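Asks: What follows is each chain in one-letter form.
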Amino acid sequence: MAQLTYREAVARGIAQEMRRDERVVLIGEDIAGAGGVFKTTVGLLEQFGPRRVIDTPISEQAILGAAMGAAMTGLRPIAEIMFSDFFAVCWDIVVNQMAKTRYMTNGQVTIPLVVKSGNGGGLRFGAQHSQSIENWAMAVPGLKVVTPSCPEDVVGLMAAAVRSDDPVLFFEHKGLYASKGDVPDGTVEDVLGTAKIRRRGDHATIAALGLMVPRAMEAAERLAGRGISCEVIDVRSLIPLDARTILESVARTGRLFTVEENPRALGWGAEVASIVGDEAFWDLDGPIVRITTPHVPLPSADSLEDLVIPSVDRIVAEIEKAMQA
Amino acid sequence: MAQLTYREAVARGIAQEMRRDERVVLIGEDIAGAGGVFKTTVGLLEQFGPRRVIDTPISEQAILGAAMGAAMTGLRPIAEIMFSDFFAVCWDIVVNQMAKTRYMTNGQVTIPLVVKSGNGGGLRFGAQHSQSIENWAMAVPGLKVVTPSCPEDVVGLMAAAVRSDDPVLFFEHKGLYASKGDVPDGTVEDVLGTAKIRRRGDHATIAALGLMVPRAMEAAERLAGRGISCEVIDVRSLIPLDARTILESVARTGRLFTVEENPRALGWGAEVASIVGDEAFWDLDGPIVRITTPHVPLPSADSLEDLVIPSVDRIVAEIEKAMQA
Amino acid sequence: MTLPLERHQYGGHAIVLPPDSQTTHDAAPIDRDVRLLMYRRLHELRQFEKRAYDMFMQNLVKGTTHLSLGMEAVAAGFGTAMREDDYTFATYRGHAHTLARGVAMEGVLAELLGRANGLLGGKGGSMHLTSVEHGVMGSYAIIGAHLTIANGAAWSAQYRGSGQVAVCFFGDGTTNIGAFHEALNYAAVFALPVVFVCENNLYMEYTAISDITAVPRPAADRAGAYGLEPVVVDGNDADACYLAARDTLEHARSGRGPVLIEALTYRHGGHSRADPGKYKPPGELEAWLAYDPLKIYRGRLERLGVPSAELDEIERQVGRAVDAATEAAKNGPMPVPASAYTDVWADGGSSWRN
Amino acid sequence: MTLPLERHQYGGHAIVLPPDSQTTHDAAPIDRDVRLLMYRRLHELRQFEKRAYDMFMQNLVKGTTHLSLGMEAVAAGFGTAMREDDYTFATYRGHAHTLARGVAMEGVLAELLGRANGLLGGKGGSMHLTSVEHGVMGSYAIIGAHLTIANGAAWSAQYRGSGQVAVCFFGDGTTNIGAFHEALNYAAVFALPVVFVCENNLYMEYTAISDITAVPRPAADRAGAYGLEPVVVDGNDADACYLAARDTLEHARSGRGPVLIEALTYRHGGHSRADPGKYKPPGELEAWLAYDPLKIYRGRLERLGVPSAELDEIERQVGRAVDAATEAAKNGPMPVPASAYTDVWADGGSSWRN
Ligand SMILES: Cc1ncc(C[n+]2csc(CCOP(=O)(O)OP(=O)(O)O)c2C)c(N)n1
Ligand SMILES: Cc1ncc(C[n+]2csc(CCOP(=O)(O)OP(=O)(O)O)c2C)c(N)n1
Ligand SMILES: [Mg+2]
Ligand SMILES: [Mg+2]
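Taken in sequence, the protein lines are chains A, B, C and D.
Residue numbering for the first sequence follows this note's numbering, starting at 6 and increasing by one per position.
Residue numbering for the second sequence follows this note's numbering, starting at 6 and increasing by one per position.
Residue numbering for the third sequence follows this note's numbering, starting at 92 and increasing by one per position.
Residue numbering for the fourth sequence follows this note's numbering, starting at 92 and increasing by one per position.
The reader is advised that the hints may include incorrect statements.
[As the list claims (entries may be wrong)] Have a look at the derived ranges for each label pair, beta carbon to beta carbon: (1) C:A365 with B:R24: 25 to 31 angstroms; (2) B:G54 with D:D124: 44 to 50 angstroms; (3) A:P55 with C:E404: 26 to 32 angstroms; (4) D:A378 with A:E194: 50 to 56 angstroms; (5) B:P55 with D:V223: 52 to 58 angstroms; (6) B:R56 with C:E404: 33 to 39 angstroms; (7) B:P55 with C:L128: 58 to 64 angstroms; (8) C:M148 with B:P55: 32 to 38 angstroms; (9) A:V47 with B:R56: 52 to 58 angstroms; (10) D:A105 with A:V47: 24 to 30 angstroms; (11) A:E194 with C:D176: 55 to 61 angstroms.
[What the hints assert, rightly or not] Covered stretches of chain A, as calculated for chain C (at least 3 residues, CB under 8 angstroms): (12) 49-62; (13) 72-82; (14) 91-104; (15) 130-140; (16) 241-253.
Calculated from the structure, these hints are not laboratory results.
Being a predicted model, the structure only gives us computed values, none of them experimental.
Ideal Cβ positions, reconstructed from N, Cα and C, are used throughout, including at glycine.
Okay, chain A solo, but in the shape it has when bound:
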């Protein structure tokens, strides 16, 4: 067991898979010589050499196209898109090419690749470098979408993503890179499409993702002190979605809250709410409430950014209000 930062866990997870499988290669901007702008790939060039760890031009379409073409022909690439906001410059390769090619070719083509990316806000980087865009990917059939919230999950889910024969978007939360957690020694493996119950509770279920998981945990702690016992589910994977874990929890608690960093309209919680509102309708004791960033671009000033992204205070307040109504 080692204490690792979330960013170290990324490199650890990649290294684990590169050691296991010669077909795993890594490309991206500044990921080799410099170890990545978020230092998530430190040491990999040294360990695996310039044939497998490659610095690219600022050409996101070319990067993802190269990853896709290589995946189609025998490699298992990991590509980095530095900030997830930059998916917008290469979205075609992701949504029209990677996501659809297996289906369109009736299964002739397999595309085992991972695109890792720094996602999310709280670092005062402003509207073009802070978005949580898991929901963009969730809306597109053919993409798997993963967001780990702690170092152990980073390693295990990275392994699962690399071993998946489908394209996986792996969203690392920038606000969690410095956070620490225990990671077991040896090979760490995990399973895509599985949520984790981080805390048991009886009165309400909170579904959260990424940076919102530790905030939901702290909110649950505080709410417990006020007599509201919350179950906290770390959703971890949007596609495949472990709806069952959420539905089972709601069947017990009768209430659901989602905590989403994305702007409100069509955040991932909308899909979860629509599933639960349909399939667990008769289990619900009250409305499903979504706690999200309002539907605005992210402001850069620290005071404003902290205001709009769901805080522990706001989570506590909204859940308390809804439970008392």
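Knowing the structure of chain A, use the given hints to seat chains B, C and D with the ligands on it.
Replies: Chains B, C and D with the ligands in isolation, oriented as in the chain A frame:
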């Protein structure tokens, strides 16, 4: 009053605005000399000349960037993205630039522009030329999102879009281009952010968009024959969203169905369902059911495409089943 | 070869004529067998697409189709020169490039008809023809993307040391999209074994390339931007295409990096089914019809002494093959409904939640 | 001017040295007043950014900041030559380009601090500086986008017949992204009045441009792909930049279409706050420090007879202005919470549903 096709209505709406305002200009691939690949801009080059109606290279980023820069500096451009699937190659300009620049500049910059695009399936064009992507845009703060379902709305909402000082994505449904409807003579104006009740009913509310509107109407007709009286709401505009019209309807009917052409996960109906499931929870007599294309890319064969996009039969069947449960 | 391809005023373009040097490559050192194979291929591509067009007119082919009638020499020349395990990356206008790798006509035609015996089981359609077993790694319908994907296949070949080359076909209009630029620079930087073949047929959809491009030769005039040599070939002359393919494949295969070729050619028909081709200036089509790749190749073979009867027999054999494929395609079953739900994922299914 | 900028092997790059011809432009026909103004500007940009750096180190500036220490001559030269109503399009590294148009330091510094008196009320931050009243139409943080947006402003100027020119600054690394290619071709096809200024500072973030670019000069070697002349200027020499700006603005203003300039320069610091700059080969920084734009410009002014005292006084005046701006910025109020909900839409609000 004239009978126009939906495609003629597009040209009529644009012409109306170009005549009114010299600052309105039109750019896109093959839109001038050829009148557009869907013939939605026929006659505009002849009427307004090559200074205002301009054929561009296949450079979607350059097209939308040009539209944005011109909008920032005094023009009111309309740009065409031929198939909405191609938004993926210029998504950055849409979501990171157009959508965020007013906010980021604290209101210094105004971006009055319209991006029109052929959207939706049913034409056997396959997975890369058939998507319904309104939900992609709905998820991004700063974009207005419009989808008319009939010729009169095409003209009126185009006028509203051109006159809006915000960026508007105007989704024309390819499957409706050949459909006909009456359009009043003279200037036609409409209001963004307003839904329309197309049919009154008592037992259930159906919210539909674009091509799904005529299908929902026909389904309602059939369901009426089976004793189920449905109210049909044409949502028309996703952002701004006329949630009130839907909430008021559900308050009367007690049930909500959405009919969505998009693949299931995070279709626009998820947001509508999450709003209604929260704010009208106590009005609901049963679960909100979303009728959507399954979460798959669109197949091209006619038999398969017809199978996956919600048909009148499927709408009827799903509503009947839910109402009987 | 010089063609009178010039930059024109925005909004108006002059007629562009083909070369008239039909005998240029008569003396090229190409085996008779290879030439006869190319002749057969040219006819396969032509007769197949004519049949596809007829079936369109009978409303059997749904959706859209993009024919390359008049452009067959490029696909035939490259298809003939490529190694069996080389990769082809094609566009929505990809019938020819697919067939030229030896893919059976039946599957392609059945795909156009949306049948279960289609190459893609009816799920992809005309714009996405793919046959991995023939090295046809897909046809791509969003302009530009596949140039970057071809790089990936080339990278994989380089990494595995397989000696394979990726050949990527695209049009003149495609040179103006961002992905073209990224792909070319990327390929050059990493010296990838990829041959980019720009089929300059003078038009994007309905707009003349000269009206919306800053340089006269959309591909060749950009080669220098990637440290590459400009290469222009006569895209109507199968021998010219074959020779260019042989040389450039060899260049790429031997580790000397990518190549960008501009093949000048012309599509006889419209951009797609919907297009009457009104934008073509008078006389242009006629001139190019006179320089038709099949016609000039037949002329060459006759000058080189191949008996007419032998050529006629090839044409008849191809005709019979097209007829047989037509029957097989038409008789193919409709896809089973369940197939709409297969192969979203590698586990074969489409389930995205539990 | 020749710089030893060569193409290197992937993964390793050699030291790139500046020119040493500090006297080249001594005789250029530029008024003394203009030169003194440029000298003042150079110092404004330098002293402002040094202050910003200090405040960073005191943890007053949050998020990230990209300084252009060492690159001031480009912004100063262009800012001085531009007409008041011309448009500037800048990047995340845009302090200098913004200040060079006459925007007050206070607003820029307050924006870095996230204060209500910031240029953007604290909502945009360091990477998005904009001052429409000064023609600064924004700073853009996603590589490439703003080249296409600058085209739009140029198109608008052309359409309105205003005679305005759009000047668009970007880095060497930006030449490898698709939007660069689309924007250049588009500008050339429509003869837009736009001047593209590539500030080649030899590095993208931490990777040498020579390692990931197919040609030695990332911008100039691509000009031909758009029918443009290659233009290379000494980006450390304010006079060279000013002259290039004057000529190319005139070219664009008079309807002769776009220009692409490559200005060779160097950033003394790292890419952003987080970057220690370890990838710079030994000796490189020292050589460029010796060819510092402020130093060489002071040398020129002294050679041309401007008294040291006059130059010192300019520097002191600038110093006082920076101090005053620092105080004003620091004393600025925090943004009111409600401002997070304004100006998503033109109606001033953020409401998206009723
Ligand atoms: C990104 C994108 N933009 C536009 C289109 C629509 N489109 C399909 S083919 C075509 C013309 C392509 O021209 P060219 O590259 O010359 O190829 P050709 O069709 O002539 O073979 C266009 C604009 C597209 N498929 N993708
Ligand atoms: C599309 C995109 N990819 C990557 C980045 C991250 N990024 C920011 S600055 C930069 C380097 C840019 O280099 P260059 O164009 O030379 O400008 P410089 O920073 O040297 O001024 C990179 C890669 C980005 N902002 N946008
Ligand atoms: Mg073409
Ligand atoms: Mg640089």
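Asks: For each hint, tell me whether it holds in the structure or not.
Replies: Against the structure, the hints come out as follows:
no., hint, result
1, C:A365 with B:R24: 25 to 31 angstroms, "holds, 28 angstroms"
2, B:G54 with D:D124: 44 to 50 angstroms, "holds, 46 angstroms"
3, A:P55 with C:E404: 26 to 32 angstroms, "violated, 56 angstroms"
4, D:A378 with A:E194: 50 to 56 angstroms, "holds, 51 angstroms"
5, B:P55 with D:V223: 52 to 58 angstroms, "violated, 30 angstroms"
6, B:R56 with C:E404: 33 to 39 angstroms, "violated, 59 angstroms"
7, B:P55 with C:L128: 58 to 64 angstroms, "violated, 48 angstroms"
8, C:M148 with B:P55: 32 to 38 angstroms, "holds, 35 angstroms"
9, A:V47 with B:R56: 52 to 58 angstroms, "holds, 55 angstroms"
10, D:A105 with A:V47: 24 to 30 angstroms, "holds, 25 angstroms"
11, A:E194 with C:D176: 55 to 61 angstroms, "violated, 34 angstroms"
12, 49-62, "holds (count 4)"
13, 72-82, "holds (count 10)"
14, 91-104, "holds (count 4)"
15, 130-140, "violated (count 0)"
16, 241-253, "holds (count 6)"
The structure is inconsistent with the numbered hints 3, 5, 6, 7, 11 and 15, although it conforms to all the rest.
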